[in-house]
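S.K.: Sequence:
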Amino acid sequence: MKTTREKIVIQTSIIGIAANIVLVGLKAAIGMLSNSIAIISDAVNNLSDALSSIVTIIGTKLANKAPDRNHPYGHGRIEYITALIVSGIVLYAGITALVESTKKIIQSDTPNYQPLTLIILIVGIIIKLALGFYVKRKGRAVNSDSLVASGLDALNDAILSTSVLIATILYMVLQINLEAYIGVLVSLYIIKTGIELIRASVDDMLGTRIESSLAKKIKQEILKEPAVKGAFDLILNDYGPDKYLGSIHIEVADDLSVAEVDIISRRITKRVMEKYGVVLHTVGVYSVNTKDKNITNMQKRVHDIVFSHPEVLEMHGFHVDEAEKAISLDIIIDFTADDSAKIYQAIYDEIQKNYPEYVLDITLDIDTSD
269 MKTTREKIVI QTSIIGIAAN IVLVGLKAAI GMLSNSIAII SDAVNNLSDA
319 LSSIVTIIGT KLANKAPDRN HPYGHGRIEY ITALIVSGIV LYAGITALVE
369 STKKIIQSDT PNYQPLTLII LIVGIIIKLA LGFYVKRKGR AVNSDSLVAS
419 GLDALNDAIL STSVLIATIL YMVLQINLEA YIGVLVSLYI IKTGIELIRA
469 SVDDMLGTRI ESSLAKKIKQ EILKEPAVKG AFDLILNDYG PDKYLGSIHI
519 EVADDLSVAE VDIISRRITK RVMEKYGVVL HTVGVYSVNT KDKNITNMQK
569 RVHDIVFSHP EVLEMHGFHV DEAEKAISLD IIIDFTADDS AKIYQAIYDE
619 IQKNYPEYVL DITLDIDTSD
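All the letters of the sequence shown, read from the start, carry residue numbers 269 to 638 under our numbering.
Keep in mind that a hint or two might mislead.
Unchecked claim - Only pairs whose alpha carbons sit at most 16 Å apart, straight line, appear in this in silico EDC-like list of lysine to aspartate or glutamate:
hint, residue 1, residue 2
1, Lys487, Glu582
2, Lys492, Glu519
3, Lys561, Glu618
4, Lys561, Asp606
5, Lys593, Glu542
6, Lys559, Asp522
7, Lys610, Glu579
8, Lys487, Glu519
9, Lys497, Asp522
10, Lys559, Glu590
11, Lys511, Glu464
12, Lys561, Asp522
13, Lys538, Glu493
14, Lys543, Glu489
15, Lys543, Glu493
16, Lys487, Asp638
17, Lys492, Glu542
18, Lys511, Glu542
19, Lys568, Glu618
20, Lys484, Glu274
21, Lys487, Glu542
22, Lys484, Asp589
23, Lys621, Asp572
24, Lys497, Glu582
25, Lys559, Asp589
26, Lys511, Glu274
27, Lys559, Asp523
28, Lys329, Glu274
29, Lys610, Asp633
30, Lys593, Asp635
31, Lys484, Glu590
32, Lys485, Asp572
33, Lys568, Glu582
34, Lys568, Asp523
35, Lys561, Asp589
36, Lys497, Glu479
37, Lys485, Asp638
If you're looking for bench data, these hints aren't it; they were derived computationally from the structure.
Whole structure, please, built from the sequences with the hints as guidance.
M.R.: So this is what it looks like as C-alpha cells:
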C-alpha cells in the first residue's frame, strides 16, 4: 500500500513529466522553424527534466520496498541515490547548454524569429515558474531531495528560457544577436546549481551532523522526565528521509533500581517516537553519584580541570569505582581544535597528577549533535 508521502512524490513527478513533454514538443517545433539553437537546446533541457521526474518515481518506488533479510532497515537510502542522479542530469543539462552556446558564438546562424516564438517562450516560462515553485514546495513538505532538486531545476529552466526570450526580443527589435552569450552565462549558473545539488546528495549518502533543532528538541523532551539529570551522546542513523534509528545516554541518580530505570527508558522511547518519529533503540545509562561526598568533590575538581581547556565542549559519564580505584569519563573536543590529541593528553596528565592512585579512563567522544 502506498504511503501518503509516496503518493505525493509520484503525483508531483507525473505532473512534472506531463508539463515537460508539452514544452518539449512546443519548443522543439518552434526552435526548428526559427532556426534557433538556443530554443532547441531549451527543448532538450526540458526533455532531461522529464527524465529526472521518471528517475524520481523509480527511486521513490524502490525506496518504499519493505525491509528484507539483506536490508533490515529498509531501502530508504535509495532516494539519496535518486537525488544524485537527478543532480547529475541538471549538471549535464548545464554542460550541454554551455557547449551549444559556445558553438553558437564560434559559428553563428541567422535566426528567423516569429511572433509565435515569443508566445511559446512566454508560456514556457510561466509553466516552468509555476512547476518549479510547486515541485520545490511539495519536495520540502515531504522531505524529498529528488523533488527539491527537480523544482530547482525547473526554476533554473525558467531563467534559461527568460534569457532566450530577452535575446529573441533584442534580435527582433534591434537586430542584435546575443542569445549565445546569454546562454553561456545561464549555463554556468545551471552548472553551479548542479554541482551544489551533487554535493548535498553526497553529504546525505556519507552521513551528516544531526540537524541542530531536532537534536535539541529530542534532548529537551528527554529532560522533561523528572529523574533524568542529563542527556548525552545522541546518535541518529539516517536510513532515508524521515527514517531515523538512534541511541542516547541519560544520567540518572545511582539510587534508582533497574526496574525504575527500565520504566524511564520505555517512557523516553515512546515519547520521542510519538513526537518526532525517531526510534531510540538504545537508551544507555550513566549513574550520578548521590551517596559519597568525596566522589562529588572529585567530580567538581575533574570538571574544573577539563573545562580549563576552552576547546572542550562537553564532559559526561563521570564515574568512580572505589573498589577498582578507577575514574572514567567522556569528553568532547571541538572539531575546530588545532590538536585534539594534544589537548586530550594535557587533560589526562593533569587529572592523573591530581589523582595518582586511580587508574584513569577518558573516552574522547565524537561531537555528533548539539
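S.K.: Holds or violated: are the alpha carbons of Lys559 and Asp523 at most 16 Å from each other?
M.R.: holds (8 Å)
S.K.: Sort out whether Asp523 lies within 16 Å of Lys568, counting only the CA atoms.
M.R.: At roughly 20 Å apart (the allowed maximum being 16 Å), Asp523 and Lys568 break the hint.
S.K.: For Lys497 and Asp522, compute the direct alpha-carbon distance and say whether it is at most 16 Å.
M.R.: holds (11 Å)
S.K.: Are Lys487 and Glu519 close enough, with their CA atoms no more than 16 Å apart?
M.R.: With Cα atoms ~12 Å apart, Lys487 and Glu519 stay inside 16 Å; holds.
S.K.: Within 16 Å, alpha carbon to alpha carbon, are Lys593 and Glu542?
M.R.: It is violated: about 43 Å lies between the C-alpha atoms, which goes past 16 Å.
S.K.: Is the hinted pair Lys511 and Glu464 satisfied, with a Cα-Cα distance of at most 16 Å?
M.R.: violated (24 Å)
S.K.: When you check the alpha-carbon spacing of Lys485 and Asp638, does it fall within 16 Å?
M.R.: holds (10 Å)
S.K.: Verify the proposed pairing of Lys561 with Asp606, using a straight-line Cα cut of 16 Å.
M.R.: Violated - the C-alpha atoms of Asp606 and Lys561 are around 37 Å apart, more than 16 Å.
S.K.: Please work out if Lys511 and Glu274 have their alpha carbons no farther apart than 16 Å.
M.R.: OK: Lys511 and Glu274 at ~14 Å, within 16 Å.
S.K.: Just to be careful, I want the Cα atoms of Lys621 and Asp572 compared with a cutoff of 16 Å; is the pair within it?
M.R.: Given pair Lys621, Asp572 holds - Cα atoms ~14 Å apart, limit 16 Å.
S.K.: Has the given pair, Lys559 with Glu590, been kept, meaning a C-alpha gap of at most 16 Å?
M.R.: The given pair, whose Cα atoms are some 13 Å apart, holds under the 16 Å limit.
S.K.: Would the pair Lys484 and Asp589 pass a check requiring their Cα atoms to be no farther apart than 16 Å?
M.R.: violated (32 Å)
The structure does not agree with the numbered hints 3, 4, 5, 11, 20, 22, 30, 31, 32, 34, 36 stated previously, though it agrees with the rest.
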